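S.K.: In case you want the letters, here they are:
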Amino acid sequence: MNSPSLRLFTFAAPSRFYRLAGWMVPWFWAATLVLSVAGLYIGFFVAPTDATQGDAYRIIFIHVPAAWMSMLLYLVMAFWAGIGWAFNARLASMVARAIAPTGAMFTFLALWTGAIWGKPTWGAWWVWDARLTSELILLFLYLGYIALVNAIDDVRRADQAGALLALVGSINVPIIYFSVKWWNTLHQGATISMTAAPKMATTMLTAMLLMTFAFWAYAFAVVFTRTRAIVVEREAHADWVTELTRGKMHP
Amino acid sequence: MRDLFLAVLLRDLKLASRRRIDSLLPVVFFIVALSLFPLGVGPEPQMLRDIAPGIVWVCALLASMLSVGSLFAGDLADGSLEQLLLAPQPAIAVAAAKSAAHWLLTGLPLIVATPLVGLLFGMSGSALLALVAGLLLGTPILSLLGALGAALTLGLRSGGMLLILIVLPLTMPALIFGAGAVGNIEAGLDAGGHFSLLGALLLATALGAPPATAAALRISTE
Amino acid sequence: MNWGSASAFFEMGGYGLYVWGSYVVAAVLMAVEPVLVHWRHRRALRDVSRMNSGNEAES
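Residue numbers (my numbering), protein chains in the order written: chain A, 1 to 251; chain B, 1001 to 1222; chain C, 2001 to 2059.
Hints are computed from structural coordinates only; laboratory data are not their basis. From a predicted model like this one, the values you see are computed outputs, not experimental measurements. Check the hints yourself; a few may be wrong.
[Claimed, not checked] Here are the simulated SDA-like cross-link-like pairs (lysine to any residue), alpha carbons at most 25 Å apart as the crow flies: (1) A:Lys181 <-> A:Phe108; (2) A:Lys119 <-> C:Trp2003; (3) A:Lys119 <-> C:Val2028.
Bound-form chain A, shown alone (with noise of 0.2 Å):
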């Protein structure tokens, strides 16, 4: 996914990008296997307890590297978006529609594991501070984005449709991370607001990495093969697709 684009042109025919995500995903089961392991490890067993908030930070090696996958993903769904609408290449838009489920995901469970670390942390099971709300309103963005793609009948439109708005939408993260943060410090007295996470051990900080390329790994098995899905889905005419099931149908 972070290939420079011209050797990506190359596996921009949808058939060859078929065969080598085949290839490459059982790779990264691996890899998404053997880091989160090792991050594990870490994080249960050689991290130490935090002083301030007992063993309830351990929430962190799922939370921080979830909200950086659902930003991370945000941005290369736009990315390729944008490119499939550009260069009218279909495989990109393709792979922009596979990330956006993962990339809702991971939203939601940045939410959801903030909720849980915030009751115990500050009492409450919601906290309107600055990251968790602008997390919110990615997971709206997402949503919106994969409503409207689903809710165009005309794939071509319904790509280009949603190209533009995953790219209106990253623009927009900024500016909205920034309303919110300075929205959440006007309001300092009325609510709590997030101290700032622990301060890292570098056992801690090592776990938080280990988790967060295991959560990367991840996100590439899952779109590559949600992407093969999509290529099916919609190449279904032609003619390697059916080479394809025939080969599977007569062994």
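Please build the complex by placing chains B and C on the supplied structure of chain A, with the hints as guidance.
M.R.: For chains B and C alone, coordinates are given in the frame of chain A:
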């Protein structure tokens, strides 16, 4: 380009003048929706005064979103939208004109109705002034973003709800700064920062939304 | 090592409900999502082969 802009704007205004009742609906909704709050949360004056700026902004938002859904529907139905887009002038003029018409027909009446609402909620004079000033800057933003949403959801079955879902997140900064400005004034603080930010948002939206809306119109009518 | 015993591990210093509430939901989501995607992929391939066998039967 200015000719096309004026032509579309004046046409929309004239069409609206022929259906005056329809044009008044957003304002009526605005007042009705606001009246629900005391019934729901109780008539205690101080609390109503506290929530007034926030709920006025939210109801203005909703009234805007509800009326913007049909911005292009009429023109799409009778084929005039296609003709407008075939014009040699850029579609940005059409998008801008439609947004301006929406603001004149929905935003401006809302602003005019706000002092009445302020009375109902017992707002102080300075707070009311801040509210009106904020709405003056903010309602055009709502019209501009609403037009983008309307263009994207043109002709779709679930259009209305979908439009609200996709546009509302984008309008949240305006809501935050607009309501926040009144809050500051009521607390005796300066609201200059809020108004500056709101003004900057308006500028950015006025420059960015019409081209995006024009692109969306082309996408939706191809 | 941080934990004296397995029960200490599950209790998480009293915060067990919160910590495991987070991890279990994460595990469930990240197990269900790949399965759903896999099903979608299989379904797509099945639909294509069904469509093609229909075409072949016609010709």
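S.K.: Next step is simple, just say for each hint if it's right about the structure.
M.R.: Evaluated hints:
no., hint, result
1, A:Lys181 <-> A:Phe108, "holds, 20 Å"
2, A:Lys119 <-> C:Trp2003, "holds, 24 Å"
3, A:Lys119 <-> C:Val2028, "holds, 21 Å"
Checked against the numbered hints given earlier, the structure satisfies every one of them.
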